[in-house]
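Number of protein chains: 2
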Amino acid sequence: MSRQVVSYDDDGHVYEFAPEMEPVYTAADGESLTVETIDSLNKEIQTDDDLLEAIPEEVNAATGPVAVEGAEPGDVLKVEIEDVRVNEDRGRVVTAPGFGLLQDDDEIEHPATRVTEVDGDTIDFDGVSVPIDPVIGTIGVATAEETVSTLTPNDHGGNLDTTDMTGGTTAYFPVFQEGAMLAMGDSKAAMADGEMCGTGAEVGTDIDITVSVVSDPEVGVDRPVVDTGEAVKSVASAETMEAAVELANRDILALLQADHDMSKTEAYLFSSLVGGLEVSQVVDPLVTARNAVPAEYLSLPF
Amino acid sequence: MSRQVVSYDDDGHVYEFAPEMEPVYTAADGESLTVETIDSLNKEIQTDDDLLEAIPEEVNAATGPVAVEGAEPGDVLKVEIEDVRVNEDRGRVVTAPGFGLLQDDDEIEHPATRVTEVDGDTIDFDGVSVPIDPVIGTIGVATAEETVSTLTPNDHGGNLDTTDMTGGTTAYFPVFQEGAMLAMGDSKAAMADGEMCGTGAEVGTDIDITVSVVSDPEVGVDRPVVDTGEAVKSVASAETMEAAVELANRDILALLQADHDMSKTEAYLFSSLVGGLEVSQVVDPLVTARNAVPAEYLSLPF
Numbered sequence: 035m036s037r038q039v040v041s042y043d044d045d046g047h048v049y050e051f052a053p054e055m056e057p058v059y060t061a062a063d064g065e066s067l068t069v070e071t072i073d074s075l076n077k078e079i080q081t082d083d084d085l086l087e088a089i090p091e092e093v094n095a096a097t098g099p100v101a102v103e104g105a106e107p108g109d110v111l112k113v114e115i116e117d118v119r120v121n122e123d124r125g126r127v128v129t130a131p132g133f134g135l136l137q138d139d140d141e142i143e144h145p146a147t148r149v150t151e152v153d154g155d156t157i158d159f160d161g162v163s164v165p166i167d168p169v170i171g172t173i174g175v176a177t178a179e180e181t182v183s184t185l186t187p188n189d190h191g192g193n194l195d196t197t198d199m200t201g202g203t204t205a206y207f208p209v210f211q212e213g214a215m216l217a218m219g220d221s222k223a224a225m226a227d228g229e230m231c232g233t234g235a236e237v238g239t240d241i242d243i244t245v246s247v248v249s250d251p252e253v254g255v256d257r258p259v260v261d262t263g264e265a266v267k268s269v270a271s272a273e274t275m276e277a278a279v280e281l282a283n284r285d286i287l288a289l290l291q292a293d294h295d296m297s298k299t300e301a302y303l304f305s306s307l308v309g310g311l312e313v314s315q316v317v318d319p320l321v322t323a324r325n326a327v328p329a330e331y332l333s334l335p336f
Numbered sequence: 035m036s037r038q039v040v041s042y043d044d045d046g047h048v049y050e051f052a053p054e055m056e057p058v059y060t061a062a063d064g065e066s067l068t069v070e071t072i073d074s075l076n077k078e079i080q081t082d083d084d085l086l087e088a089i090p091e092e093v094n095a096a097t098g099p100v101a102v103e104g105a106e107p108g109d110v111l112k113v114e115i116e117d118v119r120v121n122e123d124r125g126r127v128v129t130a131p132g133f134g135l136l137q138d139d140d141e142i143e144h145p146a147t148r149v150t151e152v153d154g155d156t157i158d159f160d161g162v163s164v165p166i167d168p169v170i171g172t173i174g175v176a177t178a179e180e181t182v183s184t185l186t187p188n189d190h191g192g193n194l195d196t197t198d199m200t201g202g203t204t205a206y207f208p209v210f211q212e213g214a215m216l217a218m219g220d221s222k223a224a225m226a227d228g229e230m231c232g233t234g235a236e237v238g239t240d241i242d243i244t245v246s247v248v249s250d251p252e253v254g255v256d257r258p259v260v261d262t263g264e265a266v267k268s269v270a271s272a273e274t275m276e277a278a279v280e281l282a283n284r285d286i287l288a289l290l291q292a293d294h295d296m297s298k299t300e301a302y303l304f305s306s307l308v309g310g311l312e313v314s315q316v317v318d319p320l321v322t323a324r325n326a327v328p329a330e331y332l333s334l335p336f
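Chain order of the listed sequences is A and B. Counting in our numbering, the first sequence runs from 35 upward without gaps. Counting in our numbering, the second sequence runs from 35 upward without gaps.
It is worth saying that the hints were derived from the structure and are not from the lab. A hint or two may mislead.
Treat identical chains as interchangeable: a pair holds within one or across any two.
What the hints assert, rightly or not - With a Cα cut of at most 20 Å, we get these calculated SDA-like pairs of lysine to any residue:
1. K298 <-> A146
2. K298 <-> D83
3. K77 <-> N121
4. K298 <-> D138
5. K77 <-> V93
6. K77 <-> Y42
7. K298 <-> D82
8. K298 <-> P145
9. K298 <-> V162
Go ahead and model the full structure; you've got the sequences and the hints to work with.
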């Protein structure tokens, strides 16, 4: 069977995750496919002189959604991310007025753009060579109730801007709607944890994934969880970093309790010893944090 | 010359960092010494039945202070941390009422204690073996103006609870007072980034350091900076995580600008591509965050 390619142009893309979404393709449980994505700014920034005066209404196009056969509310959608390949000759790092961690700093230009040309396995930032280490910025599923812009992360995933969303990681999402409705885009050729200026090196990518359904899981997930091979990490979004790390910690306690014969108190104390809290991004409408536990201490129940 | 040992008992310790501090020892510029520390809870927790009903008034004893000859306000104090060795047979992970990230969770016991016995290079948490990976929880210098409990981190260092404060790291502190007045304690045998329950595995340690003074530095530091060999990281404390990561990002921009021919705007965009924001702790009176830049992109000017 040839591998299905789901493309931004020919198949379709969304700017919102919603309860009701029309699939552009329906994948079999366990099917491998390739998802082509466009950069988050729809190819509008091509030189350093292309400035972003404001965040566009339509940003972070997410290719899809892809329905997965058999996925029902309460299930867990498993997305094995096999490879993320940059599919254009440049990325772009951008900041814009009213956007980014240091948006009130008068000594920093808002807007500002630096195009990062691709040179083999690296991108060039003003003469500094940075290895390409791709990240899928926006990845998620149909929501339970609300309609959410692809600029916003939440329990359905969305704009998580999480550096672990890359080749080699298996991501798990709660299924809120029949078919799950997976969509992704907003990739970066490289990104710092935090995404301080509001972007990484935004770039189009081809993403190889295998999707499958965990039916009636012993332990469900309320929010995304990733398994990088080296660590299991809960991924939580909220209004403040304090609220996000609290959710991420709670989610990890539930997984530790399911995996070990630990009380909640023991899981809490243990979580304070290994791995720990990480920052995904601090610049989107909700911020995103992780709680990591090294693989030797935590196996997922699915 | 035999190596000076500065001990908790015989020499002395403090529970506050202040503008005026009396040194228990004066080290030469460039001198190597060993600092002995006691666990943060003054040996009062020895079994799982020893519970912490409230945070004691005197907590996080910091051995010292050690004056360093020639250190003047405006200088930078360089502390090469060569080794941190656990010096007792157990650590203890503790939570207490009104303390810790999930202090309002009724399903978690507050207080709770788990003693972690040392077994060679590991500690035991309820049958789970965790490698010893020591952290100096509290390390800092005399403050500019305020008197600050050793429970609180700030620009002088203090209760930074930063996992990078370990053997192999060089830490830099602003010098606010003559002699700098370095003190440290509150070590952990292991700790997660975040220190969610309020402690790691609190333990006494022997710490080998070499102290030296960077006089009239080309670029000063307003807050602690660490160089782990793999990355340079700013370390900033504030009321909220949002404020702490903003300070940490600003400090890294200043260092990137000093090291590269970059404008502040370029440093900001570049900081959004590599390394990134990290969580030190979210449980102390001020919270602490870091901004890391891999060593290949940032060398300190001292």
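Status of each hint after checking the structure:
1. K298 <-> A146: Answer is between; shortest inter-copy Cα gap is 11 Å, intra-copy 47 Å.
2. K298 <-> D83: between (54 Å within a copy, 18 Å between copies)
3. K77 <-> N121: within (12 Å within a copy, 59 Å between copies)
4. K298 <-> D138: between (42 Å within a copy, 13 Å between copies)
5. K77 <-> V93: Within. Shortest intra-copy distance 11 Å satisfies the 20 Å Cα cut-off; inter-copy 56 Å does not.
6. K77 <-> Y42: within (12 Å within a copy, 62 Å between copies)
7. K298 <-> D82: Between copies only: 16 Å across, 52 Å inside.
8. K298 <-> P145: between (47 Å within a copy, 13 Å between copies)
9. K298 <-> V162: Cα proximity of K298 and V162: across copies only (16 Å, versus 47 Å in one copy).
In terms of the numbered hints stated before, the structure departs from none.
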